[in-house]
Amino acid sequence: MTLAVFELRRMVRNPLIWAAVVIAVVVEGARASQWWPDLTFVTVRAVTASTLVAGAVLVAANLAAGRDRRGGLPESLGALPSRAPARTRAVLLAAPLAGALAAAAVIVPLVGYALLRGPVAGTFDGWEALNGVALAALAATAGAALARWTPWPFTSLLVIFGFAFLLVANPRGEYGGWALPWIATHDATLGPRPSAAHLLYLVAVAVAVGAVALLRHGPRPVPAAVAAVSLAVAVPVVAQAAHLPKPAPVACRDHDGLTFCPRPGHEPWVAGWAAALRPITSVVPPRALARVPELRQELYGTLPLVWRPGVSETGVAGAVAESAAGLEPGPGCGRARTVVALWLTGRVAALDHERAPANWSWPPGAAGPGDGWHVYPLTESGHTAVVPGRLNGAFYDDADLANARALLRDPGAADRVRAHWTTLTDPATTTVDAAPLLGIEAVTGRGLCGEPR
Amino acid sequence: MRALALPLIRAVDWLPLAATVPAVLVGAWLVPAEFAVAVVRLAAALLAAAAAFTLVDAMAATTAATPVPRRVRQWARTLLAALAAGGAWTAAWWLAGVPGSPVGPAGETVAALLLAFAGAGWAVRRAEGRAVALAGAAPLLACGAGTWAPAGVGWWWAVGPLLLLVAAVHDDVT
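First to last, the protein sequences are chains A and B.
Oh and the first sequence: position 138 is 138 in the working numbering, straight run, nothing missing.
Oh and the second sequence: position 16 is 1016 in the working numbering, straight run, nothing missing.
It should be emphasised that the hints constitute simulated quantities derived from the structure, not laboratory data.
By construction, the Cβ of each residue, glycine as well, lies at the ideal position given by its N, Cα and C atoms.
Don't take each hint at face value.
Said to hold, decoys possible - Listing some non-contacts, in silico: residues in chain A with all C-beta distances to chain B over 10 angstroms:
hint	residue
1	Ile23
2	Arg70
3	Thr155
4	Ser156
5	Ala164
6	Pro194
7	Ala248
8	Cys252
9	His255
10	Thr259
11	His420
12	Asp426
13	Pro436
14	Ala442
What the hints assert, rightly or not - Under 7 angstroms between C-beta atoms, here's a sample of chain B residues computed to sit facing chain A:
hint	residue
15	Pro1016
16	Ala1018
17	Ala1137
Bound-form chain A, shown alone (with noise of 0.2 angstroms):
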């Protein structure tokens, strides 16, 4: 025991964890704060920076639990009572103890960094955080056993080099399912994820693991009792693990004249949403917002299902200013409405720097969209919409942006685009037409509409 003590006090002190943790909370929190937090994403998110200190704890509890065999130590340890099972017991004991401190020292600021943020999304799911913890100790059992197995302290990084592959190539878990350690992509149309289930399983593994590292010392009946019982919990625990029942959809709501659709958990989102297509909701004529079809937050819907604040808004706004203008996909070069609906999407997000894309469609053998395209996130495994233009494909020139620039200029046009809302979203005026309505010298395009340049 008392070695047991000196061991936790020993990787408490640990430089290699503790650097690990920094790295681990800054990186991840500079990458979530980009984004608005949706508490099962983070909770994932959290756990998957905490392998990395359990990468950290894995190398520790290796050179801990291999001390005894550097050095000349082997010399000077065998005039001592204690043995080296007593002392493989000390590492096991101590080492998943300061894992999981330190994984929660991960876990715990990066989830409450998401709560002070606001507005928060989703449900906070303790047994998944808590897998992050389970992780690290079964990093400490790991590193211990190869200690005792392999005596070369680069099996250590085999090990945490195979586990980043699989999180790199393999973050969906398409191949061995729960059976991985850590599954780090989460994909939300699929119902939650058996969190608990799963911690049972890592938990189980971690002790057969230790049980392993013990029985390097000789074939003694509890280990092997040990671990087989462990591996008897986990592999029908890993076997029956699937998602959960998807939860009940939750009524749409009407916020500022728009429907919105939200999906169970993401209701605190409505208020933001609402907000940042106020500009456009603000001026635009009750009777035209009722034209915009309700506002699903699906996979491929209006409202994605994860929202970064300065691009989402801007992929939002091109579907509803489209849709309250009236414009349809296809042509509308020199319209008056298709100006409209740039100004309104200018208000949400300027249109200083955009360009009429020269290809409408994506180039054959183009390696990444053109110039004037946008990519918006779709949800939190990297499912993006990349979309020509502003307008959820309307075409425009880039006379119509300049004419939209115009408008944004004049301090006077959300009333005059108000008061003449009918004849400006007409599909017959023109711009030309509609340049003394709207205030603008208006330049013409050259007659090209979705033609490539």
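Position chain B against the provided structure of chain A, taking the given hints into account.
Quick look at chain B alone, frame taken from chain A:
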């Protein structure tokens, strides 16, 4: 040169590289094409972490008395390890069939090697034993923390400063 290289080749701890090179080559050969880029990046990190172990001189206290300066001995170890790791990485890149130019991934690999040499080279100045070379993996893991270090040709810009850093840690211990 021959007098320096041959004893050094015998003295260097090749075990980590010997364990990593076949694993990397088999991995690059076997994995599906969708994982090719990830495997080649992982290969770079693993080979760099393994190559760092060659910097550990178990006889550092004795060889300090030889007329060959420490920086020559450490650079010779660095070059030997870099040749082995670089050759294995090139083979892995070729076996995995990564599309596109190798310039970006190669820059990343060179930077990873230098990061590992800098980390381990700094650690072997301060402590004895082969476990200290684990320090070579620390900057690699820190770079890949949280997400995954950005890919691209930008890593070539890091090569110059990293070479200076490695040269500094290989300097004579005074």
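Worksheet entry | Numbers of unmet hints, in rising order | Structure breaks hints 1, 2, 3, 4, 5, 16.
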